[in-house]
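Enquirer: Sequence:
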Amino acid sequence: MSWPTSWANCRFSPCLTARKSLMIPSLAMRTRMVKTMSCGLKKSTAGTICSRMVMPWTSTKPCRLQPQRRRPFQLDCHHTTSSSNGWLPTIQPNGIAHTSSATISTSRVASHAGRRIRYVPYLKSHLQKCIRRRLVDQSVSTALALINVNYNEFIRRIPIIAVEDARVFGAAYPVLVWLMLAASKGYTPLPQSLVPDVLGAVAQIAASNVQDKGWMHCPKGQRGNEVTVVLNSIEVAEGLPRWARDILWSIRCRREFGGMAGDIKMLDQSLICLFHRFSTCPDRSVLESQFLAPVPILPAQAIPGPIQPNRFLLNAIDFHVSPIIAHLAARYPQFSEDLLKATIWECSSGVNRRSAATNWDPVKAKAGDPSQGWEWDTPREYAPSTELVHVWRAIEGDL
55 MSWPTSWANC
65 RFSPCLTARK
75 SLMIPSLAMR
85 TRMVKTMSCG
95 LKKSTAGTIC
105 SRMVMPWTST
115 KPCRLQPQRR
125 RPFQLDCHHT
135 TSSSNGWLPT
145 IQPNGIAHTS
155 SATISTSRVA
165 SHAGRRIRYV
175 PYLKSHLQKC
185 IRRRLVDQSV
195 STALALINVN
205 YNEFIRRIPI
215 IAVEDARVFG
225 AAYPVLVWLM
235 LAASKGYTPL
245 PQSLVPDVLG
255 AVAQIAASNV
265 QDKGWMHCPK
275 GQRGNEVTVV
285 LNSIEVAEGL
295 PRWARDILWS
305 IRCRREFGGM
315 AGDIKMLDQS
325 LICLFHRFST
335 CPDRSVLESQ
345 FLAPVPILPA
355 QAIPGPIQPN
365 RFLLNAIDFH
375 VSPIIAHLAA
385 RYPQFSEDLL
395 KATIWECSSG
405 VNRRSAATNW
415 DPVKAKAGDP
425 SQGWEWDTPR
435 EYAPSTELVH
445 VWRAIEGDL
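Converting from the sequence shown to the numbering used here requires adding 54 to each position, the first position being numbered 1.
These aren't lab readings, by the way, just hints derived from the structure by calculation. Since the structure is predicted, the reported quantities are computational estimates derived from the model, not experimental observations. Zero decoy hints are in this set.
Cut-off 30 Å, straight-line C-alpha distance, at most; resulting in silico cross-link-like pairs (DSBU-like, lysine-lysine):
| # | residue 1 | residue 2 |
| --- | --- | --- |
| 1 | Lys418 | Lys319 |
| 2 | Lys267 | Lys418 |
| 3 | Lys319 | Lys395 |
| 4 | Lys267 | Lys395 |
| 5 | Lys239 | Lys319 |
| 6 | Lys267 | Lys420 |
| 7 | Lys267 | Lys319 |
Working from the sequences, and respecting the hints, build out all of it.
Expert: And the structure:
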């Protein structure tokens, strides 16, 4: 028995062989990790949250969602489109028909691993910038390079990028977080059989045409108290699907693994926002069509080649990974450091080629076209101020 070809299929099928091949902790080991749930969880007790999530090999209950074996998608290295309903990214074929699953060849992975791309902060920044610009092929190439250079850094970062710059996909997010948990216990590197799925998740995130900013518009209040209420309500809320609970526990689990203060706040607010969406949606079919998109499998033939120097995004070399602000401040003393940072963020680093949505209203959405539920921000895309554009034109040549 081999690892199922899709996470959706794997999710509802016990697979002990897959658990052993991935070197996943046994049920007894994970049981020993479980402690009483509390609001002040520490990193060492993240297993408590993991135990609340239905993992692929632990659930023997049948589910009415029985996805068929999917045809692996082929990545178009030049164009990406989105389906008409706006929620499931379509990765166009390159003219090669694939009717069976494919795995990444060892030589193909080794060709990426042997490259000179070794600076992890730059690779993480480059991955995020490519995803923000919906550059699917470059996102996948960067992800594969980062997986080979430092898998732990990749698997910790990609859940943050999904929430911040795109949106949460129900079939992929819990598994990405679970792989992060496995990596934190030393279960590395990523098994070769899972590389097509992980890269497919990256392609799905990069191809998404919606930036869900609902977490930024949650009602103001005591964030800690609201999170406590949500955590106490996840397992007892009526009508909340199992997969929705998995998403919520996954977000909380990623939060417990730490990060920048802004990321922690974002994950807390995203937890609150998604809980209210899931628990108030009157039509489960609409909810599933919007948030339970299947993950495309990326066959070996679809993987773009290693990143070429002429395809590097210089936008990735920003003030997060280099002392560029000090250089610019010395060269342009008329601009303050805060103004330079704001300019680089608004005109370069933070540019996102998606339509920004402030909320998703399940009442407005329809099962056939759930994208109607999005409440778009104004403007829906980035629009820097005139002052920032003026500063950007002055400093652009030095970046």
